[in-house]
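Q: The listed protein sequences correspond, in order, to chains V and H.
Take 6 as the starting number for the first sequence in the working numbering and just add one per residue.
Take 26 as the starting number for the second sequence in the working numbering and just add one per residue.
Watch out, some of these pointers could steer you wrong.
Straight-line alpha carbon distances no greater than 25 Å define the calculated DMTMM-like cross-link-like pairs of lysine to aspartate or glutamate that follow [said to hold, decoys possible]:
#	chain 1	residue 1	chain 2	residue 2
1	V	K77	V	D31
2	H	K105	V	E253
3	V	K127	H	E133
4	H	K108	V	D31
5	V	K275	V	D241
6	V	K77	V	D108
7	H	K108	H	E133
8	H	K108	V	D108
9	H	K105	V	D108
10	V	K77	V	D241
11	V	K70	H	D53
Because the hints were derived from the structure by calculation, they are not lab data.
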Amino acid sequence: MGLAERVASGDRRAAARLISLIEDGDESIRTELAELHCRGGKAHIVGVTGSPGAGKSTLIHKLAKGWRERGKTVGIIAVDPSSPFTGGALLGDRIRMQELSTDPGVFIRSMSSRGNQGGVAKATADAVRVLDALGMDKVIVETVGAGQSEVAVMDVVHTVLVVVVPGLGDEIQAIKAGILEIGDVFVINKADRDGVEAAQRELEMMLELDGDKAGWRPPIVKTVARTGDGIGELVDKIDEHWAMIKREGLLEESERQRSRREVLELLKHKAVLSLLSEYGPDDFDALIKDVAARKMHPHDAVEKIMEKKKVKN
Amino acid sequence: MPIRVLVAKPGLDGHDRGAKVVAKALRDAGMEVIYTGLRQTPEQIVETAIQEDVDLIGLSCLSGAHMTLFPKVMELLQAKGVKDILVTGGGIIPMEDVPRLKKAGIAEVFGPGTTSDEIISFIRTNVKQRT
Numbered sequence: 006m007g008l009a010e011r012v013a014s015g016d017r018r019a020a021a022r023l024i025s026l027i028e029d030g031d032e033s034i035r036t037e038l039a040e041l042h043c044r045g046g047k048a049h050i051v052g053v054t055g056s057p058g059a060g061k062s063t064l065i066h067k068l069a070k071g072w073r074e075r076g077k078t079v080g081i082i083a084v085d086p087s088s089p090f091t092g093g094a095l096l097g098d099r100i101r102m103q104e105l106s107t108d109p110g111v112f113i114r115s116m117s118s119r120g121n122q123g124g125v126a127k128a129t130a131d132a133v134r135v136l137d138a139l140g141m142d143k144v145i146v147e148t149v150g151a152g153q154s155e156v157a158v159m160d161v162v163h164t165v166l167v168v169v170v171p172g173l174g175d176e177i178q179a180i181k182a183g184i185l186e187i188g189d190v191f192v193i194n195k196a197d198r199d200g201v202e203a204a205q206r207e208l209e210m211m212l213e214l215d216g217d218k219a220g221w222r223p224p225i226v227k228t229v230a231r232t233g234d235g236i237g238e239l240v241d242k243i244d245e246h247w248a249m250i251k252r253e254g255l256l257e258e259s260e261r262q263r264s265r266r267e268v269l270e271l272l273k274h275k276a277v278l279s280l281l282s283e284y285g286p287d288d289f290d291a292l293i294k295d296v297a298a299r300k301m302h303p304h305d306a307v308e309k310i311m312e313k314k315k316v317k318n
Numbered sequence: 026m027p028i029r030v031l032v033a034k035p036g037l038d039g040h041d042r043g044a045k046v047v048a049k050a051l052r053d054a055g056m057e058v059i060y061t062g063l064r065q066t067p068e069q070i071v072e073t074a075i076q077e078d079v080d081l082i083g084l085s086c087l088s089g090a091h092m093t094l095f096p097k098v099m100e101l102l103q104a105k106g107v108k109d110i111l112v113t114g115g116g117i118i119p120m121e122d123v124p125r126l127k128k129a130g131i132a133e134v135f136g137p138g139t140t141s142d143e144i145i146s147f148i149r150t151n152v153k154q155r156t
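Given only the sequences and the hints, what does the whole structure look like? Please build it.
A: Right, dumping it as structure tokens:
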């Protein structure tokens, strides 16, 4: 039995191994991935983003428990950053989710960003396909603690949760142009702290200015993830968003947009590799030297690499 | 491909400094380290190792319960048919216990005084290439 088939039959070890192979960029699993993609699309995929320390992991633990109580199975992919120096990573999101690790209706995978920018890893989209195929009703993607520009999670999920904490009024100002724009549901976590009202006002004002997203006004939910306060309401709102996009026919459009972005991303990656392999590493190093020595502008270096491809064709 | 390691603390002692130092050293050696915090049951450790598809589990125990907990982890791995994950132990472990732990399937025991480099080189030498 192939890995894809084993995953579809509920084999968790096969799912875990397949995710590793995806992370390693193994080409031999391409047909397996195609199979998963063509058969998949059942799971509701939820992204959770917000600054480091906002309480994302604890919130996800409670969300997962909330869905489990409602009879849903839950997959979790928790992305943490890799070291820019050694490539290693310390993945600690599970610390706050350990209670779930022996629940057969939950599958948690920690993932290093492996140098990828944007808050998720290159492997995240395919790993979501694996958990979808494993039969998870909900798949939660936890991003790297994110600030203004880590918006790549929207390319992978249906519903984006943005988590903020009170007492950081200026922070909301600062992230206004970034992740706040992609939120479908807003969470003010640690709502037992001072400054909740101010945070709520800030968010409301911003949402007022932004207007509705296709008839959906992103709700603001106050939670204390540690105690579980507000989690029931949050689960309701996330499920409402899912029901809404299915009802309004927005799912097809969302899938199309995500597919377009994913194909473009992959194409960019492959095109760069292919151009570079044609140009040759030594010639490439020579070009870089010229740019560094200020004999050539980076634009012209790129032009040279492109030209070689044209000549060959 | 980075080696994936689960650093886990079974049992009830609250001393995780050693485990954290090792976790950080392994990260700095380019490995992907999953750290799960204190007071894990053998069941949680084994299930986590499976979901995370790790190459190695590093168990740390300072409570003296290693002779119960470490073999229990090996037993559960076996019961799940997992044969390709290496398991090592660390902590305050008397020399005379080491042979019995190794007999139970623990690949190596790192006692007090072990350097990070020794652990890293053991892992690099002994972790099997994934299939």
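Q: Decide, hint by hint, whether the structure agrees.
A: Cross-check of the supplied hints:
no.: 1; hint: V:K77 with V:D31; in the structure: 32 Å, violated
no.: 2; hint: H:K105 with V:E253; in the structure: 45 Å, violated
no.: 3; hint: V:K127 with H:E133; in the structure: 35 Å, violated
no.: 4; hint: H:K108 with V:D31; in the structure: 22 Å, holds
no.: 5; hint: V:K275 with V:D241; in the structure: 41 Å, violated
no.: 6; hint: V:K77 with V:D108; in the structure: 12 Å, holds
no.: 7; hint: H:K108 with H:E133; in the structure: 16 Å, holds
no.: 8; hint: H:K108 with V:D108; in the structure: 22 Å, holds
no.: 9; hint: H:K105 with V:D108; in the structure: 15 Å, holds
no.: 10; hint: V:K77 with V:D241; in the structure: 13 Å, holds
no.: 11; hint: V:K70 with H:D53; in the structure: 34 Å, violated
Going down the numbered hints, you'll see the structure goes against 1, 2, 3, 5 and 11, while the others check out.
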